[in-house]
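Trainee: One letter stands for each residue in the lines below.
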Amino acid sequence: MAKPASSRSANASGAAAGTPATPNRERPSEPQRHHAETTELLEYYRQMLLIRRFEERAGQLYGLGLIGGFCHLYIGQEAVAVGLQSALDPNRDSVITGYRDHGHMLAYGIDPKIIMAELTGRAAGISKGKGGSMHMFSVERKFYGGHGIVGAQVSLGTGLAFKHKYSGDGGVCMAYFGDGAANQGQVYESFNMAQLWGLPIIYVIENNQYAMGTSVNRSSAEDQLFRRGDSFRIPGLQVDGMDVLAVRGAATTALEWVRGGKGPILLELKTYRYRGHSMSDPAKYRSREEVQSVREKSDPIEAIKRELQAGGASEDDLKAIDKDIRQIVTEAADFAEQMPEPDRSELYTDVLVETY
Amino acid sequence: MPIELKMPALSPTMEEGTLAKWLVKEGDTVTSGTIIAEIETDKATMEFEAVDEGTIAKIMIPEGTDEVKVGTVIALLAGEDEDADGVAGGAHASAVNTQPADISASPAEDAQAQQATLNARPKIGEAPASLRVEPEVPEGTEMVRTTVREALRDAMAEEMRKDDSVFVMGEEVAEYQGAYKVTQGLLDEFGPRRVIDTPITEYGFAGVGTGAAMGGLRPIIEFMTFNFAMQAIDHIINSAAKTNYMSGGQMRCPIVFRGPNGAASRVGAQHSQNFGPWYANVPGLIVISPYSAADAKGLLKAAIRSQDPVVFLENELLYGQTFDVPKLDDYVLPIGKARIARQGTDVTLVSYSIGVGVALDAAAKLAEEGIEAEVIDLRTLRPLDKETVLRSLAKTNRMVCVEEGWPVCSISSELMAMAMEEGFDDLDAPVLRVTNVDVPLPYAANLEKLALIKISDVVEAARKVCYR
Ligand SMILES: Cc1ncc(C[n+]2csc(CCOP(=O)(O)OP(=O)(O)O)c2C)c(N)n1
Ligand SMILES: [Mg+2]
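Heads up: the sequence lines are chains U and X, in that order.
Residue 306 in this note's numbering sits at position 306 of the first sequence, and the numbers go up by one each step.
Residue 431 in this note's numbering sits at position 431 of the second sequence, and the numbers go up by one each step.
A portion of the hints provided could be inaccurate.
[Said to hold, decoys possible] 30 Å max Cα-Cα, derived DSBU-like pairs, lysine-lysine:
#	chain 1	residue 1	chain 2	residue 2
1	X	Lys25	U	Lys319
2	X	Lys449	U	Lys297
3	U	Lys297	X	Lys25
Just so you know, the hints here were simulated from the structure itself, not pulled from any lab data.
Note that the structure is a prediction, hence the values are computed from the model and not measured.
Just need the whole structure built from these sequences, with the hints factored in.
Mentor: The structure is reproduced here in structure tokens:
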């Protein structure tokens, strides 16, 4: 598990939730690490590797000036989106997140080409080049963005959960937000309504230890973020976000809870981002050693690779996946470079839907 | 082929930088994530990471070099199966400065594009026929005396009967029957699934409504008053108004934010403000602010049906006023069309919401003096019905804006700009505006009265532009 920047409470380490605030209130059972056969493991490996390579390439295209503005990479956090979303039903469950959204889209099966083309601002991009890295959506895939205001996706996701309940479609919303976002007021406004109305939502705090340059313990009076739902009677679980199988196991527990009609649940995923906050972050708030040590000790992709090797997956299988992923990413990058920019007339379209 | 490592752009504004330090030397192997150099940008020192695997074959730019242009090849990397020495030997000739593709338009093109901005119009799409045509109220249609409050309630109830995806959410809208009784009776008819009391949590429930609209429902979000929507304005603008554009037309947000706006009576500065100009500033929003009960009904129905996010600004002082509302099964009015509330030939008074009543009273006074004022009720603030305003100006050649709100950057300001840009040749006098005084609204009865628009001020302004 990623090393927390520092913990305020002395006895609060470890993946398991602490003592429940009210012992006689029903709590979800302790999540079990997911058991996966080799084929399933290979699929997790493939998806995480796709995100890793895609993001590395995006960083490279940024360096070449092909991607502009803000570009927030997901490197290091791959196990979170892959482990959680593999448990969802893409035909009915919705996903929403902030600006660090490439990984969640890839994990929901959205074509890397149109994502990369959006990053380069091309007409073939998923938002026709009008959204950019932070604003991508796929209503078809039930991926609702892609939001640039820290915390906004929490209320919006609560609205999506409201929709699931209102229309009785059986769906659950998974709303991701950061450790920094966890300090926004609207998060708690949303918690309150979600629990009050029994909305089917899984709140996911991706605790990558930093909000730009501010570590969790410099910003959070309660730094054990899985407890942040306590005042609203929303149960919380703390999960090792660097272990895709632990994440998957927690997703199963959370979905059981929410689909069982018990209302919202909160997951805190302890994870780490290797790169700067965005591409233009010099990252002076942490040491190179800190990053290096997480990379070496807790990398989610390396971990699953070791597990695969121990389980007898052949070197050739792994190599084949690597090669396949490189190919996909190269094609996406070529596509994103070669496609034309949006037509000038696109400036005026999509402001309003109707004509008045 | 060796991989060229190029001087990266590490911030949106970086054009060149200093190659401060090499952390690898020729012959070192690197993998994705290895930090290979430190680069000083215009803002900070950044680390440059390898993405590909291989061996550093050749360092092209020594450390300490200043003003290295973005895109310059700084090193060559031999891939897994390549011979690093071979790469280094043959590479000198090809190591020219490669600038990143210049994808911005030339200055001349930019100027052209700006011209296009002035001339072009949004693409014309299809809109439901009910929204395009002002309904004829057939001869002999029964008129029902209705308060604005009832008209708004009827509009919501009619649309809720027709479409299960429409629901109302807000503080005290259900069991209390509405803080201003606008939602009276809705809970009884539609039940708590569709008429939902929220906690006092404007930012939160505006976001919940917006998210529900993104998911495909048609929420009506009531703010107890628009003063409190300041806490929610982020969702109205950043989440609701911009999503369709940011998603390239993929994600709709059919939501109505409604509630009383503008000054009420003796409630002090924090509860008395007209937000019309604020929201009318935002592309991606529809802003409606009706005066009469018939317009309130017909436009609220249109707002609920619209695929676009609508800010619907009501007025507490008008809630109890009674107007004729045609008794028709489905009375829907077009968004974006002003109404000529009174015909006239000598001066055009343009207003909206409660200001229309002031303008009509002023017109009656002016008529006694032989000045026939035409009164235009804008009804929709965005998109503004330029055509109706300019046509009237062409007829009267004089214009006074009447607005219950502050003067600076107001709807009046916009109307005056419009008259300058597109009605200049029709003007026989400068356009004047009658607005509230430019101060927070005071509590004392006499001061409050002084601060708000008055009939006599409108009469005086009209006389002035008529040189009488
Ligand atoms: C309301 C708001 N305030 C500030 C910002 C600027 N900002 C963008 S990301 C960020 C840090 C957020 O950190 P966290 O929630 O931990 O997410 P992470 O970037 O780690 O994924 C800040 C302050 C913003 N976009 N929105
Ligand atoms: Mg963070």
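Trainee: Now look at each hint and say whether the structure bears it out.
Mentor: Against the structure, the hints come out as follows:
Simply put, Lys25 (chain X) and Lys319 (chain U) have alpha-carbon atoms about 28 Å apart, close enough for the 30 Å limit, and the pair holds. The suggested pairing of Lys449 (chain X) with Lys297 (chain U) is violated, with an alpha-carbon distance near 72 Å, which exceeds 30 Å. In summary, the hint linking Lys297 (chain U) to Lys25 (chain X) is supported, as the alpha carbons are separated by about 26 Å, within the 30 Å threshold.
In summary, the structure is inconsistent with hint 2 from the numbered list given earlier, while agreeing with all the others.
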